[in-house]
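Work out the full structure, taking the sequences as your base and the hints as a guide.
In order, the protein sequences belong to chains E and B. Residue 435 in my numbering sits at position 164 of the first sequence; the count goes up by one each step and never skips. Residue 385 in my numbering sits at position 308 of the second sequence; the count goes up by one each step and never skips.
It is worth saying that the hints were derived from the structure and are not from the lab.
Cut-off 30 Å, straight-line C-alpha distance, at most; resulting in silico cross-link-like pairs (DSS-like, lysine-lysine):
no., chain 1, residue 1, chain 2, residue 2
1, B, Lys-418, E, Lys-715
2, E, Lys-422, E, Lys-706
3, B, Lys-418, E, Lys-717
4, B, Lys-419, E, Lys-422
5, E, Lys-353, B, Lys-84
6, B, Lys-81, E, Lys-357
7, E, Lys-392, E, Lys-485
8, B, Lys-84, E, Lys-357
The structure presented is a predicted model; accordingly, all values stated were derived computationally and were not measured.
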Amino acid sequence: MAIKTFRGGAHPPEKKDRSSGLAIERICDIKRVTIPVNQHFGAPIQPLVGVGDVVRRGQKIADADGRMTVPLHASIAGVVKKIESKTLCNNLEGLCIVIEAQEGVSGDDFMPPLDAFACGKEEALARIRAAGIIGMGGAGFPAHVKLAPSKPISVVIANGAECEPYLTIDERTMIERPEDVVEGLAMTMKIVNAPEGVIAVEQNKARAVPLLQKAISSSPRTRAGMKMRVQVLRTKYPQGGEKMLIAAIAGAEVPSGGLPMDVGCVVQNVGTLCAMVEAFRDGKPLIERGLTISGGACAKPVNLVVPVGTMVSDLIAAGATQVNEESLRKVVFGGPLMGVAVPDYAIPVQKNTSGVLFLGKEEARPAEEEPCIRCGRCMRACGCRLSPALLAVAIETDNYREAEKIGLLDCIECGTCSFVCPAHRQLVQKFRLGKQVLRSMKQKEKEAQNVR
Amino acid sequence: MSDKPEKSLYLSSSPHIFSPVSVSSLMLSVVLALIPSTVYGIYLYGISALASVFVSVASAVIGEYLFRKLIKATNTITDGSAVVTGLLVALIVPPKTPLWMVALGSLFAIIVAKQFFGGLGSNPFNPALVARAFLLMSFPAAMTTWTMPNGMTVHADALTSASKAADATAAATSQIADATSAATPLGLIHGHYTVPQIAQYYGANDTAGLYRQLFLGYRPGSMGESSILLILLGGLLLLSLGVIQWIIPVSVIGSTFVFAWLFGLDPVFTILTGGVVFAAFFMATDYSTRPLTPVGQALYGVGIGLIIVVIRKFGGYPEGVTYAILIMNIITPYLNKIRTKKYGYVAPAKPVKAAKGASK
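Below, the structure written as structure tokens:
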């Protein structure tokens, strides 16, 4: 099988061996969860419960009308203690529903099972929304919107690339639950009516490949005539980026400003696929997720499944993981290249948290920004073929027209440019800021035109 | 267990890890790649060459340190770029250039060509080449006086017996009569000698023998530009480390070869003499003064090749590499406009259409 990839990219140290051999542990004895109300990409939703309400596990606790919304469910049974604003893993304040376990309150409130292959498309999409499923790879895009494309889909890609260093939860999911990954892929193919399904795996996770292939060949969906296969990809960051995956597998490029469906693709994280399987088979909403806890200052790296809303501090207190306080310098939600550094442990795990990293002295060394030496490393590494060095100059000189021409809005913010920069230029950081400035400028222009 | 870690944490925007490649490690690799040529130069020209390297590097580093101190800017000598510039200056001036002149060139490169424009990464012109151009204009005699490598003898009679000697010949021969000074292959070809005559002059049996001798580097010339073999060795090291990319060296050498052939020069002789190969790997690839985009780099290389050949064929100087690169440096910002098409590039809509879309 030919190993495919995209043009550009970088090779950060993988550091996955610390946790890639460890089976996923399920953490059940969490007594308190702090569930952020808005974890998805889209319009905000409102709590449906009040302080003092008794909720069962899986009960809907927040929702709203609107297409770009997904409901939220209680991840443990208990009593709603507080509904208040807290610092979340994006370092912003957000409304959270705090639920505490209580004697005598237990039980699940799941939906009835539903056969995704027998029900209609609308019914299936309604179930996916009702289960509160969003993209679990990081962006948190509502799954029921992604699975209702307005264009014909030719291939569904199961994203098991997991290109961020340290993170191993997708790898463990593929090793431990290959049948669910395949089943979820088949479901997605059924819903979007795609003729082909591809499970994309980076080369460093090759041991998951035979397991997935076996799961494909023994799947009843394959016997029913569905075409699925595994594609090995070169281990390279950011191979797991949607645009890079599509370039590698479909050989097509998502048009600037477009969506994967414009080139007939739908990309779903393997964790999301497993959540879909649970939503149909068990009627279970997305109330827990797998994540990797690792990093140089993590004394006990683990792959865990925890209820959504579990605070990292509670995981440490429960002994699920250990931190080497001596060397700890940074706590990061997500991977080391795209994750967000948070100020303390009291941050809840969300539906789209793929990992928590405790970075040590050596890794989290603050780098001093030096002047650009124009070596061009960022340009060769950029998976979007932008010119980060020139883009940074355009932004620094407030030349947003030029920045837009170079492709500021096409930047996927993967951070490869900043990673490779020998002068430690804060390139992607400038682009994040620049994008917001450019968008607000365009907004103002539009308003001015409307006034006229 | 408290919610707070024992120590306060760093907060920063991602990415949180960085590649180990730094500015100083890049500069160090360039120095490493220059070491074979430097050592060979010292072997050819002895202790005075070593002194020249030492003076050049020291004045570059000290010059940078003092200038940055004077303008109250951060100390940047640890990035190693001044060492590279100093070393390059020593390698491209004639081997027995007076040491004060070498020091002056180095200081000019660092202070005028580099720091006046804002330091590393901001200079529009290659500092080492600016130094060479400056020295060549200020001290034309010293900068065109070449020394015989240790132990090398030439057959001057090969030239005196030449039947068709141009006006320049007399000057060249009189220079050759001097035991310590020598004529470079380029000086000779500029003086309208033929390649076989030059071969004879350097004691080679035939043209192929001369090519071999030039490739290995046994001929008068500047230290760094002597041995093509050792330059290639250093160049390949830089290529394999990913410090430089192949586009510029290939386009410079390739286009020089092709244009030399088109203009009726001996193409092999053209690329083996003077600083073509050295400049292709170490000068034209200078980060701050070359274009960043692949197409821009290719055009830049071809432009350098063309100008080298035009100067050598029609110009007053025997060598054109220095000015070729400096001239192409001028248009680098324009070449940077030729960008690679971004991922998912969509051709902009027709103006009429765009206006329609905007009014929506």
